[in-house]
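Peer 1: Please build the complex by placing chain B on the supplied structure of chain A, with the hints as guidance.
Number of protein chains: 2
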Amino acid sequence: MPDKVTISVDAMGGDRAPDVVLDGVADALAADADLSVILCGPADVVEPFAARYERCTAHPAAEVIGMAEHPANAVRKKKDSSIVVGCRLVREGAAQGFFSAGSTGACLAAGTLVMGRVKGVARPALATVIPSPVRPVVMSDIGANADCKPEYLVQFGQMASIYAERIVGIDAPRAALLNIGEEDEKGSQFAQEAHRLLREGLPNFAGNAEGGDVLAATYDVIVTDGFTGNVCLKAIEGTSKVLFGAVKDVMTSTPAAKLGALAVKGGLRRLKEQVSPDTYGGAPILGVKGALLVGHGSSSPLAVRNGVLTAARIVRQDVAGTIARTVSGGAGRARKEVGRHGA
Amino acid sequence: MPDKVTISVDAMGGDRAPDVVLDGVADALAADADLSVILCGPADVVEPFAARYERCTAHPAAEVIGMAEHPANAVRKKKDSSIVVGCRLVREGAAQGFFSAGSTGACLAAGTLVMGRVKGVARPALATVIPSPVRPVVMSDIGANADCKPEYLVQFGQMASIYAERIVGIDAPRAALLNIGEEDEKGSQFAQEAHRLLREGLPNFAGNAEGGDVLAATYDVIVTDGFTGNVCLKAIEGTSKVLFGAVKDVMTSTPAAKLGALAVKGGLRRLKEQVSPDTYGGAPILGVKGALLVGHGSSSPLAVRNGVLTAARIVRQDVAGTIARTVSGGAGRARKEVGRHGA
Numbered sequence: 138m139p140d141k142v143t144i145s146v147d148a149m150g151g152d153r154a155p156d157v158v159l160d161g162v163a164d165a166l167a168a169d170a171d172l173s174v175i176l177c178g179p180a181d182v183v184e185p186f187a188a189r190y191e192r193c194t195a196h197p198a199a200e201v202i203g204m205a206e207h208p209a210n211a212v213r214k215k216k217d218s219s220i221v222v223g224c225r226l227v228r229e230g231a232a233q234g235f236f237s238a239g240s241t242g243a244c245l246a247a248g249t250l251v252m253g254r255v256k257g258v259a260r261p262a263l264a265t266v267i268p269s270p271v272r273p274v275v276m277s278d279i280g281a282n283a284d285c286k287p288e289y290l291v292q293f294g295q296m297a298s299i300y301a302e303r304i305v306g307i308d309a310p311r312a313a314l315l316n317i318g319e320e321d322e323k324g325s326q327f328a329q330e331a332h333r334l335l336r337e338g339l340p341n342f343a344g345n346a347e348g349g350d351v352l353a354a355t356y357d358v359i360v361t362d363g364f365t366g367n368v369c370l371k372a373i374e375g376t377s378k379v380l381f382g383a384v385k386d387v388m389t390s391t392p393a394a395k396l397g398a399l400a401v402k403g404g405l406r407r408l409k410e411q412v413s414p415d416t417y418g419g420a421p422i423l424g425v426k427g428a429l430l431v432g433h434g435s436s437s438p439l440a441v442r443n444g445v446l447t448a449a450r451i452v453r454q455d456v457a458g459t460i461a462r463t464v465s466g467g468a469g470r471a472r473k474e475v476g477r478h479g480a
Numbered sequence: 138m139p140d141k142v143t144i145s146v147d148a149m150g151g152d153r154a155p156d157v158v159l160d161g162v163a164d165a166l167a168a169d170a171d172l173s174v175i176l177c178g179p180a181d182v183v184e185p186f187a188a189r190y191e192r193c194t195a196h197p198a199a200e201v202i203g204m205a206e207h208p209a210n211a212v213r214k215k216k217d218s219s220i221v222v223g224c225r226l227v228r229e230g231a232a233q234g235f236f237s238a239g240s241t242g243a244c245l246a247a248g249t250l251v252m253g254r255v256k257g258v259a260r261p262a263l264a265t266v267i268p269s270p271v272r273p274v275v276m277s278d279i280g281a282n283a284d285c286k287p288e289y290l291v292q293f294g295q296m297a298s299i300y301a302e303r304i305v306g307i308d309a310p311r312a313a314l315l316n317i318g319e320e321d322e323k324g325s326q327f328a329q330e331a332h333r334l335l336r337e338g339l340p341n342f343a344g345n346a347e348g349g350d351v352l353a354a355t356y357d358v359i360v361t362d363g364f365t366g367n368v369c370l371k372a373i374e375g376t377s378k379v380l381f382g383a384v385k386d387v388m389t390s391t392p393a394a395k396l397g398a399l400a401v402k403g404g405l406r407r408l409k410e411q412v413s414p415d416t417y418g419g420a421p422i423l424g425v426k427g428a429l430l431v432g433h434g435s436s437s438p439l440a441v442r443n444g445v446l447t448a449a450r451i452v453r454q455d456v457a458g459t460i461a462r463t464v465s466g467g468a469g470r471a472r473k474e475v476g477r478h479g480a
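Heads up: the protein sequence lines correspond to chains A and B, in order.
If you're matching positions, the first sequence starts at 138 in our numbering and goes up one per residue.
If you're matching positions, the second sequence starts at 138 in our numbering and goes up one per residue.
Chain A with its partners taken away, still in its complex shape:
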């Protein structure tokens, strides 16, 4: 990865901002010598930090968009918020990508309104890498578009497939529609129509997946509307949390269990780390002009580090450009783009 990249970063995003963000940015700068960061936030936060790091500059942004604010309204009103400023830096060319662990809705609104949609993209989509213990799976949409038309899902599939190949490194990803039955004719009217359109328009479409196929990594890319995708993702995360908690209870239930647990503790910790969303550092918003990655509100410094590095990788792998060529060129072009470049 030799290319020099500049990422603007929201210093005020996340539950423990700015400290966790600053730690993560410092780690990202240390990990990537060709990375520069423009840190957006209140001057008293960003300026002292930037003064200490060679490849970091400060860009003051006096306002902060809270997690509970109405996203589009807040983006329109708070022109000097760290999220709007960070996206504007991308639009103006000062940075090529933006990372925030703040409000997903506000990032989506700012990505669409400030960075702008890639020409031909009907709706930008929120994707995520699901850290399955089997192998990583890309799912999209996971909540940007609660109400979808079936045709949106073809682009969601195209964009997520590009992300799977270029960023996650999945060679020739197989994409499936999240549905309630494996057979082609199964599902709601919406799912049946989406299936038909995906069959026509997504060259790497492999059929229907069920809820259980997601974490089992039966397919590499899961295509769905933002409502179903969000429910499914949160069901997976919630089940994982409840079960790890219950396994921990078993391990500490008796003195003998505690003793025995010592021998498996390390392995279980590694498994827990493996299925943690921190590894991939965030959820990309695909279909906007530039790299845009949103971290969990509860992001750790490691998650922020990985998020900033992933945003740089999205720039270097030209994900937005590939999406632009794919959606304008139609399905034949998509076939050509996916599978042409290794990740």
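Take the hints with a grain of salt, since some may be wrong.
No distinction is drawn between identical chains; accordingly, a pair holds when it is met within one copy or between any pair of copies.
To be verified - SDA-like cross-link-like pairs, simulated, lysine to any residue; straight-line CA separation at most 25 Å: (1) 214 with 354; (2) 409 with 257; (3) 214 with 320; (4) 141 with 253; (5) 323 with 206; (6) 395 with 383.
These are computed hints drawn from the structure, not numbers from a lab.
Peer 2: Chain B alone, transformed into the frame defined by chain A:
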């Protein structure tokens, strides 16, 4: 539970029918002295078995509906199938409930077409008890209705709440709408409208739940359309399966881990049993005239036993009658019915 109850049972339902079904029926008869069973299936299967058990009679049914057949077509065509015959026995009053581990779609079609809908119920719904390690949760619809109108969800909530109280024994169950945000105004247009109608029409409605709230048992009853419910349920089951498999891999990865695992094996087995769907024996179809319970295709004899006993309990707790009074009486009546009888 003193009342004598007769349950018709599909001898040919499930992957390992009839053996597993016959074993489960024998166990159910042994467990409940006031239970009688009418076993439906080929004469050479059901007659020898019925001859050996005092409270079991045989009802020949020459045809079998396969798992891959189109449900409604198969039910219309195969009048002498074990599923249609079993449902007809309920309609005719010879039995009060029916259990099958066969095709859910065929049971749903036979329940609707042969038993008939409860007056006032727009759409019968498939519910299930999710065996959370925290406490059981009832979810409905889990796949009977892939396409719903928002108003259906009010009845799904009423019916599932009655089931939660009377069958699962949850006192004053709190019901929530499965949605993609906790705040009242969140979600798709469908979810927003369903939320508004539930707020008006379901006295025990407590707000929106997210995918992670289901297994965490934040609420007792989860109301959703059949598409979202099915995806969510299968995501939970699939995640549980993948994670238990990964934990098992950790436990057998090294000689030391194997040794340590001995001390926690029993506890993990109990946890796995606790979250197994076998405990509740199946998914009820609510809103039909009679008790109707569908078991997993992979049901064990224990699951069949519990399914038959649960069907008898649905009869004794007058679930169908309570549903009839609730939907005809509207919301005020629902408030009166839920909370009046302990389970």
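Peer 1: Work down the list of hints and note, for each, if the structure agrees.
Peer 2: Going down the list of hints, with the structure as the test:
| no. | hint | in the structure |
| --- | --- | --- |
| 1 | 214 with 354 | neither (42 Å within a copy, 39 Å between copies) |
| 2 | 409 with 257 | neither (40 Å within a copy, 49 Å between copies) |
| 3 | 214 with 320 | between (48 Å within a copy, 22 Å between copies) |
| 4 | 141 with 253 | within (23 Å within a copy, 69 Å between copies) |
| 5 | 323 with 206 | between (39 Å within a copy, 13 Å between copies) |
| 6 | 395 with 383 | both (14 Å within a copy, 20 Å between copies) |
Against the hints set out earlier in the document, violations occur for numbers 1 and 2.
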